[in-house]
Amino acid sequence: MSHLHIPDGVLAWWVWAPGLALALLLLVLASRRAGHDEGVQVALRGALGGLVLAAMAVELPLGPVDYHLSLAGPLGVLLGAAGAFQVLFVVSAILALAGHGGFTVIGLNALVLGSGAALARPLYRALRAHRSPAVSLALAAGAAQGVSGLAWFAVVGLALRLGVAAAPARLGVLSGIALPLWVVGMLLEGAVGYGLGRFLAKVRPDLLPGTTAPRVGAA
Amino acid sequence: MIGVMARIDHLASRGGTVWHRASALSKLILALLVLALALATRSLALLGALYALAAALALTSRLPLRLVAIAAGYPIVFSGLFLVSAWDGTWQTPARLLLRPLAASLIAVWLVGTTPYPDLFAPLSRVLPRSVGDGLFLTYRALFDIGARGERLWRAMRLRGGAGGANGRRLAQAGDGFATLVLYAFERSQRQYATMRLRGHQGRICGCRHYAELTPFDGWVALVAALVVTAACVLWRSV
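Chains as they are written, first to last, in my numbering: chain A, 1 to 219; chain B, 1001 to 1239.
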């Protein structure tokens, strides 16, 4: 629901090409913003990227369809918008190489997932002032998934309305399928965020933003 | 998915066909050529030719038939909504919508099934920003380690009764399990960085240069590329 499983050649070029160009531009900007925090941060992003891929590989059966987690929200909270976007681009590229979505939708996938991840940390910080880390992370993760889901729907809806010779009625069918999955996705990502926030607050609170400086560079 | 990726990885490294022995660069160029033509053309004849060629490449690389069948079947499943939406009463439109992703996915499975991942990522890492290029290698390596760790963790949780009880308890256990994996990923990254520094890491993971070393087997790739270009010239304007 937050990841486009669309193979190459289905979307019109003017849907995926600007998405890829924008994603590459954001990637360059995100890399510059990361600046000189290389080394351990690159290793950290690689490890979390591996975790996101592993989580995406776990299919959760929801009746006739399978759902997989995206973890865009927790990733956005832990790494920030720039770091999370780099991870999500890499994850989308590896998924494309594994035949999970086409090469042409790598940019769109990074943008769809990245839109949610970008929101997660500011929202977490705002919520953290009044709520526990677990609740804040749960709400941030759920909201991030909600935004990614809306971006997904916008891309697919646009493609159906304009990219191919679609009938407007098909959007109703799409909405009927997508809406329940969108809600379930937010709940699941929120639950994962809650578990993660609760555990990290007890064990390594320094890894959550808004607490003491992360010790990840201390090695 | 992790199992399929591990299988492809193994096949790409251990295979002995001419495609496995050709350089990654030439195969990447051929794959991009086929992909670009499949996306650009409206000619059904050319799309059919590209599909037949991609299928022939995938089948001659001795990849398991099941893997090729999955690659061939995947676009059919995920194009369904678009196929239905785009149907205009003719057979040409759905055929066009189906042949494009089929050709693209088969050429992709041929590429990743005959090219070890360091050779595949190395040229990509040279055109991407440094941190992203490095991220490709590190993420791919981390996937298998963390995936295996996650499997062991869930198995241990089940054996110790973590999968039983009320829904709320199970959800809490699953959350703790996932958080343990996140913590492991953090600690793993610290160890990995320490190892990278010990091995002389100077700000970039250098992908090997094998990807651009041409071999006599690249002649076969060039021959296929010539066939593709000829087919494009002849069939571009046909229906």
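Since the hints were made in silico from the structure, they are not lab data. Be aware that a few hints might be false.
Derived, one-sided and incomplete: chain A residues facing chain B with beta-carbon distance under 7 Å [what the hints assert, rightly or not]:
| id | residue |
| --- | --- |
| 1 | 5 |
| 2 | 7 |
| 3 | 8 |
| 4 | 12 |
| 5 | 31 |
| 6 | 44 |
| 7 | 47 |
| 8 | 90 |
| 9 | 129 |
Small disclaimer: the values here were computed from a predicted structure and weren't measured. Glycine included, every Cβ here is placed at the ideal spot set by N, Cα and C.
So, going through the hints one by one against the coordinates:
1. 5: Since chain B brings a Cβ to about 5 Å from residue 5 of chain A, closer than 7 Å, the hint holds.
2. 7: holds (4 Å)
3. 8: holds (4 Å)
4. 12: violated (10 Å)
5. 31: With Cβ-Cβ at 4 Å, under 7 Å, it holds.
6. 44: holds (4 Å)
7. 47: Residue 47 of chain A check passes; min Cβ-Cβ to chain B is 4 Å, inside 7 Å.
8. 90: holds (4 Å)
9. 129: Given a least distance of 23 Å, the restraint on residue 129 of chain A is violated.
Hints 4, 9 from the earlier list are contradicted by this structure; the remaining hints agree with it.
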